[in-house]
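Chains as they are written, first to last, in the working numbering: chain E, 1070 to 1249; chain W, 1070 to 1249.
Bear in mind the hints are in silico, worked out from the structure with no lab data behind them.
Remember, predicted model here, so these are calculated numbers, not experimental data.
Wrong hints could be hidden among the right ones.
It does not matter which identical chain is meant; a pair holds if it fits inside one copy or across any two.
To be verified - Calculated lysine-lysine pairs in the DSS-like style (CA-CA distance at most 27 Å, straight line):
(1) 1074 with 1101
(2) 1179 with 1119
(3) 1090 with 1074
(4) 1179 with 1131
(5) 1111 with 1179
(6) 1074 with 1119
(7) 1154 with 1074
(8) 1154 with 1119
(9) 1131 with 1154
(10) 1105 with 1216
(11) 1131 with 1074
(12) 1157 with 1216
(13) 1119 with 1105
(14) 1216 with 1155
(15) 1146 with 1101
(16) 1074 with 1105
(17) 1157 with 1119
(18) 1157 with 1105
(19) 1154 with 1111
(20) 1154 with 1216
(21) 1216 with 1119
2 protein chains.
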Amino acid sequence: MNQIKTLAFDMDEVITDTLSKTITLYNQLFQKNITKQDLVGKRLSDTLTKEQAELLHREVDKEGFFRDLAIKEKDTKAILEELNKKYKVFICTAAMEVPNSLKDKYLWLKEELPFLNDQNYVFCGDKSILATDYLVDDSLYQLEGFKGQGILFTAPHNQLREDHSFVRLNNWNEVAEYFL
Amino acid sequence: MNQIKTLAFDMDEVITDTLSKTITLYNQLFQKNITKQDLVGKRLSDTLTKEQAELLHREVDKEGFFRDLAIKEKDTKAILEELNKKYKVFICTAAMEVPNSLKDKYLWLKEELPFLNDQNYVFCGDKSILATDYLVDDSLYQLEGFKGQGILFTAPHNQLREDHSFVRLNNWNEVAEYFL
């Protein structure tokens, strides 16, 4: 019998819609009115001065910011619950740039995805350390260092990238089709 | 040229002397006077009822407990700093049973081992997910799931175990001899 495959999922922009909350904060802080469509092909920080980027980062790293994020899509939870029956699912989130997110992310996962084993949470920085079979992530940087099969999950910042090293999945229905 | 090897070090009982602080707390809570020598071959929890173990766990999971731990040995920092020049050093600590330790561990590492890259911190549960070449850990359970070369670091609870699957190192001078 084959060994159960291991799947690692990134959190921000894959499981949670962190960008919407960040855009709302950005618009408040800088009196702007941008939307996700304005961010195709770029990062929020690309539109800011160094001082503005630091201010935004300080606000995002405040306790509570990551505690009440919206789920990415309405089917995300149900699909993760199905995947968790067939695979060993790990949640692997880069959290070291926002250390105040650590406990918020832990509590969010416990509350929103209670069917997952908390021993399978991984709060890290450099994901090249992961030994899972798959990694679903919106960051090309993280996928490039990963040793297993990288899956690029579409987000505005990576939307224009044509990178054929990775399978691209655009939404959770495509995740379900690919893995289930 | 060979690729730089990756070393993962556990925190509690390998880099930090968590047990001494836990024993002090234990003796206060339960009016005992035990020492590390009394714990050869066992875990603290083996000496407690379920209710007592839960009380101890709640106290250990309070914010601040992991913030001021003593370093394991006087040479630990200097040896880690040398290792970090020759290897890519990761700190991989199981923190999900004590979620209030997350930020304390982050701040401890930043302050005590500032030469390490914080992108190489990994706060996890199940270490079978790690893709490093080596893992130095006092937990046989974690080493058994690990895919690289496991190194058993001696602690009272594992002292009597004769397990020849792993290299055993008894202290940081032996770590230096093995890796440097």
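**Request:** Go through the numbered hints given earlier and state which of them the structure violates, listing their numbers in rising order.
**Result:** Violated hints: 1, 3, 5, 6, 8, 9, 10, 11, 15, 16, 17, 18, 19, 21; rest satisfied.
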